[in-house]
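Residue numbering for the sequence shown is 0 to 89, as defined by numbering that gives the first Met the number 0.
Just so you know, these hints were derived from the structure itself, not from any lab.
Take these hints with a grain of salt, some might be off.
Unchecked claim - List of simulated lysine to aspartate or glutamate pairs, EDC-like, C-alpha gap at most 20 Å:
hint: 1; residue 1: K47; residue 2: D67
hint: 2; residue 1: K47; residue 2: D69
hint: 3; residue 1: K85; residue 2: E68
hint: 4; residue 1: K47; residue 2: E8
hint: 5; residue 1: K12; residue 2: D27
hint: 6; residue 1: K85; residue 2: D57
hint: 7; residue 1: K12; residue 2: E43
hint: 8; residue 1: K47; residue 2: D27
hint: 9; residue 1: K85; residue 2: D27
hint: 10; residue 1: K47; residue 2: E13
hint: 11; residue 1: K47; residue 2: E68
hint: 12; residue 1: K85; residue 2: E43
hint: 13; residue 1: K85; residue 2: E53
hint: 14; residue 1: K12; residue 2: E68
hint: 15; residue 1: K47; residue 2: D57
hint: 16; residue 1: K12; residue 2: D69
Said to hold, decoys possible - Here are the computed distance ranges between Cβ atoms for each label pair:
hint: 17; residue 1: Y83; residue 2: S32; range: 15 to 25 Å
hint: 18; residue 1: Q86; residue 2: G28; range: 41 to 51 Å
hint: 19; residue 1: E8; residue 2: Q86; range: 32 to 42 Å
None of these values were measured; they are calculated from a predicted model.
Every residue gets a Cβ at the ideal spot worked out from N, C-alpha and C, and that includes glycine.
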Amino acid sequence: MKIAIENIEPRIKEIEVTSDSITAMLIDGRIISVPLAWSWRLSEATIKQRNHFEIIGDGRGVHWSDVDEDISVQGMLSGIPARYPKQEFA
Numbered sequence: 000m001k002i003a004i005e006n007i008e009p010r011i012k013e014i015e016v017t018s019d020s021i022t023a024m025l026i027d028g029r030i031i032s033v034p035l036a037w038s039w040r041l042s043e044a045t046i047k048q049r050n051h052f053e054i055i056g057d058g059r060g061v062h063w064s065d066v067d068e069d070i071s072v073q074g075m076l077s078g079i080p081a082r083y084p085k086q087e088f089a
């Protein structure tokens, strides 16, 4: 017996940022979480800044305008932490 499995792109329904993690509730019922330290911008942000976000791209990512941070659901699933910007030396 063959069972058809829909290939549904993961999309964020809700997001929660705590003092140690970023947790996304997906529309398919999964819950994924990554360490807050993976986003140095959010790690250094205030609670108010962490809670001021917008789910973007029909659930494909999240944007924090106060700290100019964007995190995609694919990045969370792939385990890709944000990199610090390269410093330029004069």
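Okay, the hints, checked on the actual structure:
{"no.": "1", "hint": "K47 x D67", "in the structure": "holds, 14 Å"}
{"no.": "2", "hint": "K47 x D69", "in the structure": "holds, 16 Å"}
{"no.": "3", "hint": "K85 x E68", "in the structure": "holds, 16 Å"}
{"no.": "4", "hint": "K47 x E8", "in the structure": "violated, 30 Å"}
{"no.": "5", "hint": "K12 x D27", "in the structure": "holds, 9 Å"}
{"no.": "6", "hint": "K85 x D57", "in the structure": "violated, 31 Å"}
{"no.": "7", "hint": "K12 x E43", "in the structure": "violated, 25 Å"}
{"no.": "8", "hint": "K47 x D27", "in the structure": "violated, 28 Å"}
{"no.": "9", "hint": "K85 x D27", "in the structure": "violated, 37 Å"}
{"no.": "10", "hint": "K47 x E13", "in the structure": "holds, 17 Å"}
{"no.": "11", "hint": "K47 x E68", "in the structure": "holds, 14 Å"}
{"no.": "12", "hint": "K85 x E43", "in the structure": "holds, 17 Å"}
{"no.": "13", "hint": "K85 x E53", "in the structure": "violated, 27 Å"}
{"no.": "14", "hint": "K12 x E68", "in the structure": "holds, 18 Å"}
{"no.": "15", "hint": "K47 x D57", "in the structure": "violated, 24 Å"}
{"no.": "16", "hint": "K12 x D69", "in the structure": "holds, 16 Å"}
{"no.": "17", "hint": "Y83 x S32: 15 to 25 Å", "in the structure": "holds, 22 Å"}
{"no.": "18", "hint": "Q86 x G28: 41 to 51 Å", "in the structure": "holds, 42 Å"}
{"no.": "19", "hint": "E8 x Q86: 32 to 42 Å", "in the structure": "holds, 36 Å"}
This entry does not satisfy hints 4, 6, 7, 8, 9, 13 and 15, going by the numbered hints stated previously.
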